[in-house]
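Asks: Here the protein sequences come in this chain order: A and B. Going by this note's numbering, the first sequence opens with residue 1, and the numbers climb by one from there. Going by this note's numbering, the second sequence opens with residue 1, and the numbers climb by one from there.
Don't read these hints as lab results, they were simulated from the structure. Every residue, glycine too, gets a C-beta built ideally from N, C-alpha and C. The hints are all genuine.
Quick partial rundown of chain B residues pointing at chain A, CB under 8 angstroms, derived from the structure:
#1 Pro-269
#2 Asp-270
#3 Pro-271
#4 Ala-282
#5 Pro-406
#6 Asp-410
#7 Ile-411
#8 Gln-423
Chain by chain, the residues:
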Amino acid sequence: MRPLAFWVTIMLAKKRAKTIGFLMVLPLLMVLLGLTLYPFGYMVYMSFFRYSLASWEKPQFIGFSNYRDIFRDRTATSSVDFTLLLLAVAVPLEVLLGLGIAFLLRDTFGERVFRSILLIPMMVPAVVAGIAWKMLYNFEFGPINYFLSLFGIPKISWLGTQVFSRLGVILIDVWQWTPFVFLVLYAGLQSLPRDIVEASLVDGASGFAAFRYIELPLLRPLIFVLLIIRVIDALKIFDIVYMVTFGGPGSSTHSYSFYIYKVGVSFGWDIGYASALSVLLLIAVMLLVNLLIRVLRLKETLEL
Amino acid sequence: MKRGILVGVVSLLVMFCAVAWAVNLVVWSSPDNADALYELAQNFMAQNPEVQIEVTPLSWEVLYPRILQDLTSGAGSFDVTTWDLMTAGAIAPGMLDLDAFAREHPELVDPNFDDADFIPTARYVYGFWREKRIGYPFYGAAMFFFYRKDLFNDPVLQEKFKAEYGRDLAVPKTWEEAKEVAKFFTRKFNPDSPTEYGIALMFPRTHTLFYMYLNFFAPYRRSPEGIAKFGEVDLDWGDYFTATGLPAFNSEEGVRALQDMIDLMQYAPDPLGSDYGETLEAFGKGLVAMVPQWTACLASWKESPALQPFEEKVGVAVMPGGAPVSGGWGLGINAASKNKEAAFRFIQYATSKEGDKIQWLKYRIGPTRKSVLEDPEVLADSPWLKEAYLASLEGASHRPRIPEEPRLEDILVGVLSEILLGQQPNTVETLNLVADEWKRILGK
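All chains should be built: construct the whole structure from the sequences, respecting the hints.
Replies: This is the structure in structure tokens:
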């Protein structure tokens, strides 16, 4: 039987170690609180105020008025349409294309060269990509319409019609982000145990069957994580819209995040209303991600 | 040897002191007037070596929010800025009152400044917010109607036009006339047309649509019937409002203006997908016969191979309807600036007769002074300027200059774009939706 003093000493040492540990983490915590939690809390707080720099008035508490106004705001509600369309079309396309390219490119001739080339769109800054695509989409002098005309296809107004402007933005998003999906899934494919696949091939499975029934299930957790990352990104789409279509024509490509930018910055820093819009976006992202986690049973898959 | 070192050290010391004691002026500017401002700054520094000026161009979308952010915080990050006339109401509280400053510092006032020389409309819209003088007129602009002079003067085309429309081929004075001429110059409707399209139009969902619509609405708003219905135009509230500060566009006149735009769209290359750059290119490459545009375009068209010889091929006229939208910039001082004296002397120089003349002759920035329009060198360079420019600026229509302008603009542009796209009917009821939102924002 050890004396009581021994246990007290042990406990004090443990407590000291914990305190030292906490003190060592404290600077990081402070940075995290200062840069993330404080601005977030302040944003939620400001969403209950009428506060615009252009009015030169002090913030005025107005309760939930900003939130009520959002549901009466035509631009805000119409911005949701395109954002959802992007989610529904661009994200699945990116995942499917990324997966397909990763599968097809593996073990092919010139794999390294193609892999490097495929990553270029992801490395191009969105602003540069936007300018380049705007030139490509030019009605009269753009290369896309020129090449289409070689096949007898009349000029397309890529930025002046609802269908094509939406298609145009989706194409750019797919062009820019499929490489990211490809890269992650390609790395995932490389890390899978080859012996199982080879065993299935010896047993007579085709290459596609091995992919479909062995590799794809093993890749599933990675695909789900990618899906969540892309969903969050798609909900925040701003740069491409800003550079290429500015939300038009009409409200065809007006994304919700782009509207937050306009309210928060271009309208003269309408901080109260932009905060309320941002809080709603955050809630939507959280709900959607939670829904995905539940539907895809990500907790079990990733053993969270 | 020792003497050489001593001289070197003293020289370095003098240079260091000169730099340390120099007044450093930070000037913010939009890109379209930065080049001119840079040259004027160089001239000013040559005459005033104790002042160092740094001109920083900021894009149109960024400049206004940055100015507002700085003024409201009192940070004083810039001393002088160019400000778009539409932002007058929002930035006014943070800008220096130049008249009051001049009264307090009479020794700084340039005796040759000649305030009365400014064109009256320019003096107000690029200078005042209500009673406060927040800038001197720097960049004058009203939209012009550019046309292919060689095509309008072509006897064969004149004959064909007369045979078809029963009147002479002339630069359109109304939008109704513009529709006929645009149709005549569109190959789809006239296979013999020398140009592919009649007119280049920019109707994107950006601030461009807000001013383009005014080119069509203002002629109705300013007609005798319009004045009787809506009252006189207030220079702060602009043509979009009635004399009592209520929206005026949600009316039959507003619908007719939109219909004019819709009618013309079939004669233009991709009007909803085109903005400033695309229309500039369309006219510059000889694709269209006419284009409503700003004066600064002249500088780039002058080099265009398709438009040579320039004087014979490019004509300038007042906008059809006679009420082109005004643009332009004032030059003012941050009230939080620590270098107000130097800033005041600089903006007087930049907006002087000399500065105004340099801006037109080298950068095609519209003059704001009457004397420049009468200047022999300017008259020789641009004989059309005085008549077309004065008529355009004096009859110009104006956008609101109130603090809520950006938000009102975005709401209207969204619905206008939907109407032009065919997503919404062109009716008073549709425009009423916008007017109701405007009234809610303005608390009316």
